[in-house]
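Visitor: Listed below are the residues making up each chain.
Number of protein chains: 2
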Amino acid sequence: MKNNINIAIVGLGQVGIYLYNELNIKKKDIEKKTGKKIKIVAISAKNKDKKRKFSISKKIFYKNPLQIFKKEKIDILFECIGLSDGISKILVETALNNKINVITPNKALIAKHGDNLSKLAEKNKVNLEFEASVAGGIPILRTIKEGLATNKIYKVYGILNGTTNYILSEMEITNETFNKVLLKAQKLGYAEPGNPKLDLNGFDAFAKIRILSALSFNTRISKNKCIMEGIENIELEDIKIANQLGLRIKLLGISEIIKNKLFETVHPCLVNKNTYIGNVNGVMNAVIMEGKPIGECLLQGEGAGPGPTSSSLLSDLLSILKGNIKYPFGMSYYKRKSVKAFNNNNYKNSLYLRFEVKDRQGVLSLITNRLAKYKISVKRIIQTPDKKNKKARIVIITHKTTEINSKNCLSIFKKNKNILKFPTLIRLYN
Amino acid sequence: MKNNINIAIVGLGQVGIYLYNELNIKKKDIEKKTGKKIKIVAISAKNKDKKRKFSISKKIFYKNPLQIFKKEKIDILFECIGLSDGISKILVETALNNKINVITPNKALIAKHGDNLSKLAEKNKVNLEFEASVAGGIPILRTIKEGLATNKIYKVYGILNGTTNYILSEMEITNETFNKVLLKAQKLGYAEPGNPKLDLNGFDAFAKIRILSALSFNTRISKNKCIMEGIENIELEDIKIANQLGLRIKLLGISEIIKNKLFETVHPCLVNKNTYIGNVNGVMNAVIMEGKPIGECLLQGEGAGPGPTSSSLLSDLLSILKGNIKYPFGMSYYKRKSVKAFNNNNYKNSLYLRFEVKDRQGVLSLITNRLAKYKISVKRIIQTPDKKNKKARIVIITHKTTEINSKNCLSIFKKNKNILKFPTLIRLYN
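Going down the list, the sequences are from chains R and D. Sequential numbering of the first sequence, starting at 873, is according to this note's numbering. Sequential numbering of the second sequence, starting at 873, is according to this note's numbering.
Please note: incorrect hints may appear among the correct ones.
Unchecked claim - Here are the simulated lysine-lysine pairs, DSBU-like style, with alpha carbons at most 35 Å apart: (1) R:1230 <-> R:1198; (2) D:1209 <-> D:1245; (3) R:984 <-> D:1164; (4) D:898 <-> R:1131; (5) R:1024 <-> D:1209; (6) R:874 <-> D:931; (7) R:908 <-> D:984.
To be clear, the hints were calculated from the coordinates, so they are not data collected in a lab. For clarity, every value in this text was computed on a predicted model and none was experimentally measured.
Sequences and hints are given; from them, build the entire structure.
Guide: Following this line, the structure appears as structure tokens:
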């Protein structure tokens, strides 16, 4: 690689503008560490005149990012737009085809098109790096690809979305409802002001799990149908009950090889309050890997925000400036295999079930009989009457049962007039 | 780098023999990931015929490791002997001078001679890698050098010695004395059967702190005089009292830049039981880094044993097989600066003091007057009489005071006839 490196940044949102500023500040430090002089020669964003945290040089501004490749000799492109398709995809493909290295924090793009893009990068002998796409500032991808290379990893899981973890923690601390806390998260910049849906419904964590699986198990990115649930149905009441039971609700992403098949999921879990994972609170992310010979290895850090994200983007930059061409997924596209999906129906968990029922004789036995019929045995049951409203709340913790079994068992409660609300189900983690 | 890579392993103790076996098993996997064919062409150890966990090929055995360089063309040497000087040092120097890459888990060697050896490696344009020297399987050095490159780290600390952490945890759980638990640790292979001193007196953790400082702050390895204390003076009684106070004793290594000066230390700390660090138990290690823009980043994993160590040695191997020549300390020897030492006398902590005294009038006031004279204010005091033996135990938790002040204050108690034992002092962690 030559000594003067031309850089383009496309997308000047929170992350892009922070990165722009960091690159300007840390030029000297980067030269000291790599011997390369970097220069930002082109930037692009939707709006040239938007008010930004740091001022930009308008001389190098492009309205159409694709024009950059025609006008400038770029060595490294930062794609900070964040779409899974559209201009993000076109831009990255164009760059790779022009033998330009690409760095991106775009998990949606990588989770969807990572395989093809890595093939393209390998073909053109350039780097495609995406450390910032998973767990913000935690250098988790590099750790899997390099620090734990040659380990046989069989499980990777954790708290992968800072927004939802913040909301769950904050609901517990303040006793405020989901909607109130969501508003607060949006004000603080933790949740998207316009559309927080991708964080809340588990999709964001899920894209990260797809990427983690591919890296951990050296497989193609899976397209398996999976259990993906967010936190939209978690009510303050569930958090309070969990608290009384010594439990805490966490949105976990889990990826595991079970009997040579791949199992991936994202859903809220009840975890013990005195476990490690039960104490990762606020916007923190945590990833736990289990493998041989390493045993258990755990990384924790801030999972969101322009600072940590920028830290990861710069680690990618240094890796490119220092080193050879690396396989985007640690191993050639052609050597990574697809892996069959574990049958989700056979996923087993203890369950937390919260029923709201009419306070009538026989309702409890209706529920317990139904559970018994499906051989779901009860570990704990707490019935709390609400005399005034002639209602009652029944919370049941079951022993382990399969997904399909619990689904079939509970289906009947959809249309029973004594069951006021289809039961809230939260899985217990192990 | 050529495609066929010749490897030599010197030292076939627990780590060396495990590595030997792993390399044989993982040849194919390594070729898949790097395109390089590795071959172990030479091994050496003190005793050819010692009983080992895996059998060795005697055809490639060398009694004198230095002979290897004369007989074989070696590309990568694993130094697994573990001395800070002597044959370890000569071997590594000879290899580097012969343009052979070196990988070692030898923290004593690196902490003492790392600067000179890195200069030698840079001069000869080969790699010197030592990921396994700190925190066993946790890829902490790579994380600092690569994953967090361009961050400004200002503090790194943690539990860096698995043996002592196991002993402290086990004493708390079993209520057994230090000596009993040490024996158990030796039986389990956690502590050296012959000489566990370097683990117990803090030296092992301290060597790791020296290496972490140099990498985190981009400085030369410091030779500053430091506070280094082990766990030899921790008694079961202290662990029990800590427990009652909601605290737990941990041997922490701490390195920090305070007002542009370097502060490094290893000593037992009282930490809150409900903090993260208070719950890293058994042989686990944990390293916490604080920096900008990353915030706090935390890594945890098994800190000892041939499996985790071998995981790190192999990550070094893959890094060499995949990449360019890298600076051993992430930056050229010539660009790393020395940094002045923080004055240890000014190190401030709350203190736990346990006095054993004669049960006589005036002894308590003797102690409290002395503390008052040195302006050490008392936060908590617990006096427990032992009428039968005409003794009493006085435990005092103080507010923050400096090292020099507490030293001067306590000195008087060495020769007081009413003080049966010079007070046990344990610092509280912030």
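Visitor: Would you mind marking each hint as holding or not holding in the structure?
Guide: Cross-check of the supplied hints:
| no. | hint | result |
| --- | --- | --- |
| 1 | R:1230 <-> R:1198 | violated, 62 Å |
| 2 | D:1209 <-> D:1245 | violated, 42 Å |
| 3 | R:984 <-> D:1164 | holds, 31 Å |
| 4 | D:898 <-> R:1131 | holds, 21 Å |
| 5 | R:1024 <-> D:1209 | violated, 39 Å |
| 6 | R:874 <-> D:931 | violated, 46 Å |
| 7 | R:908 <-> D:984 | holds, 31 Å |
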